[in-house]
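Residue numbers (UniProt numbering), protein chains in the order written: chain Z, 1 to 356; chain E, 1 to 356; chain H, 1 to 356; chain F, 1 to 356.
Source of the hints: derived by calculation from the structure; they are not laboratory data. The beta carbon of each residue, even a glycine, is placed where N, CA and C say it ideally should be. Certain hints may be false.
Claimed, not checked - Sample of chain E residues with no beta-carbon within 12 Å of chain F, all distances over it, derived: (1) 16; (2) 39; (3) 75; (4) 86; (5) 92; (6) 146; (7) 159; (8) 218; (9) 219; (10) 222; (11) 230; (12) 238; (13) 289; (14) 340.
As the list claims (entries may be wrong) - Covered by chain Z, according to a simulated footprint, are these stretches of chain F (three or more residues, beta-carbon under 8 Å): (15) 89 to 102; (16) 281 to 289.
To be verified - Per the computed footprint, the stretches of chain F lying under chain H, defined by three or more beta-carbons under 8 Å from a beta-carbon of chain H, are: (17) 125 to 136; (18) 257 to 268.
Next come the chains, spelled out residue by residue.
Protein chains: 4
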Amino acid sequence: MQSAYLIAPKRIAIQEAPLPEPGVGDVRVKLKLVGICGSDVHLFLGHRLLERPGIIGHEGLGYVDKLGPGVVGRAVGERVVIEPNIPCGNCRQCWTGKANTCGNKRTIGLNEPGCFADYVIVPVDFCWTIPDTISDQDAVTVEPTAVALHALLTAQAKPGDTIAVIGLGAIGLLVTHLALALGYRVLVTELNRAKVSLAEGLGALAVCPMGTPYEQSDTLAESWLRYDVRTVFECAGAALTASLATAAAPRGAEIVLVGLSAKPATFTPLKLTREGITIVPSLIYDHPDDFRRTLRLIEAGVIQPGFIVSGYAPLSDLQAALDSAAQGEASKLVIDLTLNNSHDPYPTSHGPEKPD
Amino acid sequence: MQSAYLIAPKRIAIQEAPLPEPGVGDVRVKLKLVGICGSDVHLFLGHRLLERPGIIGHEGLGYVDKLGPGVVGRAVGERVVIEPNIPCGNCRQCWTGKANTCGNKRTIGLNEPGCFADYVIVPVDFCWTIPDTISDQDAVTVEPTAVALHALLTAQAKPGDTIAVIGLGAIGLLVTHLALALGYRVLVTELNRAKVSLAEGLGALAVCPMGTPYEQSDTLAESWLRYDVRTVFECAGAALTASLATAAAPRGAEIVLVGLSAKPATFTPLKLTREGITIVPSLIYDHPDDFRRTLRLIEAGVIQPGFIVSGYAPLSDLQAALDSAAQGEASKLVIDLTLNNSHDPYPTSHGPEKPD
Amino acid sequence: MQSAYLIAPKRIAIQEAPLPEPGVGDVRVKLKLVGICGSDVHLFLGHRLLERPGIIGHEGLGYVDKLGPGVVGRAVGERVVIEPNIPCGNCRQCWTGKANTCGNKRTIGLNEPGCFADYVIVPVDFCWTIPDTISDQDAVTVEPTAVALHALLTAQAKPGDTIAVIGLGAIGLLVTHLALALGYRVLVTELNRAKVSLAEGLGALAVCPMGTPYEQSDTLAESWLRYDVRTVFECAGAALTASLATAAAPRGAEIVLVGLSAKPATFTPLKLTREGITIVPSLIYDHPDDFRRTLRLIEAGVIQPGFIVSGYAPLSDLQAALDSAAQGEASKLVIDLTLNNSHDPYPTSHGPEKPD
Amino acid sequence: MQSAYLIAPKRIAIQEAPLPEPGVGDVRVKLKLVGICGSDVHLFLGHRLLERPGIIGHEGLGYVDKLGPGVVGRAVGERVVIEPNIPCGNCRQCWTGKANTCGNKRTIGLNEPGCFADYVIVPVDFCWTIPDTISDQDAVTVEPTAVALHALLTAQAKPGDTIAVIGLGAIGLLVTHLALALGYRVLVTELNRAKVSLAEGLGALAVCPMGTPYEQSDTLAESWLRYDVRTVFECAGAALTASLATAAAPRGAEIVLVGLSAKPATFTPLKLTREGITIVPSLIYDHPDDFRRTLRLIEAGVIQPGFIVSGYAPLSDLQAALDSAAQGEASKLVIDLTLNNSHDPYPTSHGPEKPD
Ligand SMILES: NC(=O)c1ccc[n+]([C@@H]2O[C@H](COP(=O)([O-])OP(=O)(O)OC[C@H]3O[C@@H](n4cnc5c(N)ncnc54)[C@H](OP(=O)(O)O)[C@@H]3O)[C@@H](O)[C@H]2O)c1
Ligand SMILES: NC(=O)c1ccc[n+]([C@@H]2O[C@H](COP(=O)([O-])OP(=O)(O)OC[C@H]3O[C@@H](n4cnc5c(N)ncnc54)[C@H](OP(=O)(O)O)[C@@H]3O)[C@@H](O)[C@H]2O)c1
Ligand SMILES: NC(=O)c1ccc[n+]([C@@H]2O[C@H](COP(=O)([O-])OP(=O)(O)OC[C@H]3O[C@@H](n4cnc5c(N)ncnc54)[C@H](OP(=O)(O)O)[C@@H]3O)[C@@H](O)[C@H]2O)c1
Ligand SMILES: NC(=O)c1ccc[n+]([C@@H]2O[C@H](COP(=O)([O-])OP(=O)(O)OC[C@H]3O[C@@H](n4cnc5c(N)ncnc54)[C@H](OP(=O)(O)O)[C@@H]3O)[C@@H](O)[C@H]2O)c1
Ligand SMILES: [Zn+2]
Ligand SMILES: [Zn+2]
Ligand SMILES: [Zn+2]
Ligand SMILES: [Zn+2]
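All chains should be modelled from the sequences, with the hints used to inform the complete structure.
Next comes the structure, spelled out in structure tokens:
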């Protein structure tokens, strides 16, 4: 099969690899669409290193191609999305309902072969059948939508409350979309004007502070207090924005950390303690609830997350697509394994259906 | 009556003041013992400024002296401790069970006349009758013990789990004492050798890291992981220690912020998110539960918090006592309003009963 | 003013009463529309007795008519809905965030003069200004919608999960409407075919068991397990249905009690314990969050609760309207104080706007 | 090896069985002491049927005798207690931190060979090494103490609050002992005067209502309100007592169901809802936290659960011991596999050390 290996920072090599065989309890999936995630970009740029050259990519949509031994009740040909994080099931995090932070988890596209390839192997319980009413474009965004849903459900804010979202990449846009659909009021903060407009189009209110960090913090604090923000979602993934969140959060609020900055951010213990402000992390999703919930919300027509897809490219263009994703203008680029001429112009779509 | 006014940073003036009259629903308390708290020291040193010269002190033990109009079911002469924080009862924090962080709360010794005086006025519901079986020395420490209990009950760690306490001032020692009495395993970290020994005497294990902050963080991280620490209590009140807590907390742990550093501390979003680590504030106590619980735990013989009292002084020596408290050697100095010669040597006691 | 007194079971007398004056912090509201609630019917039928003849009714929409002393920031003429339950603010339930179950609460239309009258007095904080974008018909249902929202937010089930609702009176229909709007899957159980059809029209799935209670329980248990029900909402208010809920709830589920049956229902400790099933009560709403959330959800277009209104009647027809409500066919009858000919046929509407 | 088979209701047969071999990840334990639990009595009496004749008993203390393949870091000869419930690790209950109610769990002495035998096979992670400072008598009660601890930690009541315990069998006595040691105030209700006296000796207050269920309910309601009970623990395992708990619980309280009555108990929805009363189940314990906590609490000297042991018998007397346990006078009978003459009088001890 065709596979895209990350062989060194910024170097993708498309190579032939042997067709993998599903083990006991696994299925083999023939991939059709695979989204490019910010963490693929981080691996591509070398911010974080793979242990050895490997296939990255974990936002995979495809068709069940072969059932491993012991798999029952599933059929070859089913359209599926994969849930790429597989907790160990046997550590304290796993036993206590916190398997999302399992220290031993296997992750497809990180420490297991990933989705930028014709086929991938997945344990059957981590392979979700997609109802026909869900379009490919919505389906390929299920994984990041599950991340956003988990963050939203982690928060103390409830439908009808006001939240703030910092950073409108794929994750921040999806938190905003989900929250608006579920009746939250949403204040968004983002540098890129086009992304702000997209969020405003969804119904969000923009608060875009200028000036020094102190001035930005004052502006945010004033708005967030006035609008009675209950939860701040840090989705920019920068140390500065995490610091702004802790500095500007109003009394009684909480900060949900979704962004994964590796640089130190700041907080003032006196402020957090006096004002009763909590900092809560949100990592990926809870198996199996969050994927199931995400699929149901799409199926019910409550959300249409496919709107974040900004373009499609063939596997042969993965290197270029990763370069482009690293620029940060596109919300979500998707590799389409059925496209085969690398010189097609990228089709783009913001509608609910992928154009043929 | 005799009252000690804080008239300027580091300047206490003992003055005659008119005897205050209890309003509707209030009682007047004739004070006997009043503990010196770290926050009194902060006000004394001018780190935080009173709006106008006033009487500080809020850890008051005394006797009911006069009932205000409408007070029923209480009697003059009852021995009482005062609960000095009075939430407004009518803001969102108050309505949602978070009155400890009410932004409008009245605090005796801060924005209401305090306890370094012969008498103080308190709403009757904030004035707790002390059973005869509780000694004066235990009773005068009820307020900081309620702070420590609230912090302990805020945590996800349960009896039989391991916790870490950074900073062994009055608050850290009381968290340690309470936790050990309730069957937690406790690791303590503190610079002052004498305080470490006191905690070891209670049954704690000491982890006293040396070197650069990075080295300290590594030492703490290694110990906390090995001992399976579930909750880290930051009770030193320094930015450095708050930063160490966030850097060294093991997977799945939480950090309870008790210390009130006004300087920025640091955290790494990637670490907190990947490892599922939460930062939770703990401020004072919940009215009326925490005072009631604290009194019951003392009465049941489960705790004897009076051990933190390191000495007694007359009101006329308040200035000297605050100076001495600012040095940080003593765990808890107590003003005894029945002592009247400022040149008595300070009696000291660590026993359960105050010597006459 | 015109007032409708409940002078004996099943006897309403329309009488002139003096215009009430707003006290400190109160406002006087000139009423326009007042919904008839199941609890009004219970009082009317004498199932529960008022202490003395009084004005019932608490689902009031009207206009601010006069501000009491001390009220600032509000204006005469504002369109408002009233929040009729006023917790004491000073008991343990109130201090711990559970003011909905305050034992001392004042309730308009129960132990305070109610809304079946031209005017009512309400504390200003319990009087909610309605944005112009919300129709009268939606606005007059805010109170029961807040009951339904509180029940939904009490549950562990989250958007995307499946819930079951037993009983499709006003409350059950509103829980169903809210849940569907927020992306839950909803199974409904109800005797009245018309109400079942209404819920199916909203998107719910009907499970209408027949036969003996054992057979009904088996049918429900089988469906609820198959559909993976997380929370069962008992909204029928009957002992039988509460017993069915506890007997049929699947492993790990919870039962939210909304219905107020005064007769004993049953549960089997062995089943609840083995299968980890919890029984949780939900009473009215949390002040001030749930009214605010409800208004925001209507304003955002996420819900349109006015659909439950089945007809309007003048105050002079209150007796007849209560008789009719007692039959249980209508979801929600509304008294319109601007109608004055008791022999008009009742206008009815299921649209979002009340017809003129 | 010698094994005691339950071959029919009330019929134990001591038979030779082949020595079992530990599988991958298992250890073989040579048993020394095995407690008789209420559920062994239920099986013995035929209230619940084994699928086929089997070895019951799950409260086992012994020594590691052989390590299965793949077991590392453990040594033959270690003194261990076994944790007999082994969740599947792969169902929704397991994934969400509720493995105690896993529907697929394996239970030693129920659907796996039990401990009334010379040897038993246990997965290594469910085999807890006992520190030397813990006596055999305390160690053999670790399993029921973990049940009691889990129940106590399930409750909203915190140290310093008041709880009520109904039923003073082994479980109720252990809840009482734990709660008193951790500073709760405890009201106990039990029919057997000797057990009441034992609890009073520990520091509990007795409330023993008489008369009809209505009169009993009134007596309990009055006491529980006066003493401000927060949580009621139903540990009698009878439908009547579960009904009394729901009828008498004060406003805001919760009922923790520990007892496993298979008969229907009653509750009044109106009361639970109006007064905000919750019914919460508590089943066994959370792996691995509750065993670890229990061992730590014993090691720290906070609890000495061995006091519930009322006597020892040889395996050959198991039938007689089960008959005697079925009478309900003894708190906890223990089979001692080192005793070999069935006509020894039973040694009894309430001290911390088992007499030789
Ligand atoms: N917790 C989890 O489970 C999880 C899962 C997936 C991803 N993540 C993390 O979540 C973060 C967001 O992911 P993503 O895929 O959405 O990334 P992304 O596309 O890089 O989005 C980040 C957005 O934040 C904006 N931003 C940067 N600095 C800002 C500032 N000072 N103020 C306002 N906005 C600012 C960026 O704007 P510009 O484009 O103009 O720079 C960009 O639009 C990343 O850190 C990612 O690693 C976490
Ligand atoms: N959250 C609340 O409701 C609440 C209530 C009361 C007090 N507080 C706060 O809680 C904190 C503790 O109060 P306290 O009265 O116990 O104060 P304290 O007496 O000043 O105690 C602080 C202790 O921390 C130690 N410490 C300082 N830096 C350290 C380091 N790098 N490593 C280890 N230990 C270090 C100090 O040791 P040295 O003496 O050697 O410097 C001292 O023993 C203060 O910030 C106070 O303002 C909070
Ligand atoms: N917790 C709170 O704060 C709160 C607030 C308001 C109301 N409530 C209570 O909530 C309940 C519902 O209120 P509501 O105003 O919606 O009352 P309602 O109009 O009387 O609705 C009850 C519905 O349940 C149906 N029902 C009765 N028995 C049934 C059965 N065996 N199976 C299925 N359906 C059955 C009834 O059908 P039929 O019409 O065919 O009988 C009716 O449609 C009442 O008990 C009310 O007192 C509680
Ligand atoms: N949830 C769990 O994980 C778990 C685990 C183990 C056991 N259990 C269950 O917990 C319950 C207690 O277990 P156990 O081993 O302690 O059983 P037990 O020895 O049978 O204890 C029950 C006690 O309740 C007393 N009692 C019975 N009726 C009473 C009444 N009306 N009022 C007051 N007291 C009454 C009994 O007194 P008399 O002796 O005078 O009858 C007896 O002392 C059982 O139902 C058992 O199955 C649950
Ligand atoms: Zn794991
Ligand atoms: Zn307040
Ligand atoms: Zn109240
Ligand atoms: Zn399981």
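Taking the hints in turn, this is what the structure says about them:
no., hint, verdict
1, 16, "40 Å, holds"
2, 39, "24 Å, holds"
3, 75, "20 Å, holds"
4, 86, "21 Å, holds"
5, 92, "20 Å, holds"
6, 146, "10 Å, violated"
7, 159, "6 Å, violated"
8, 218, "25 Å, holds"
9, 219, "23 Å, holds"
10, 222, "19 Å, holds"
11, 230, "9 Å, violated"
12, 238, "29 Å, holds"
13, 289, "8 Å, violated"
14, 340, "36 Å, holds"
15, 89 to 102, "holds (count 9)"
16, 281 to 289, "holds (count 4)"
17, 125 to 136, "violated (count 0)"
18, 257 to 268, "holds (count 12)"
The earlier numbered hints that this structure contradicts are 6, 7, 11, 13, 17.
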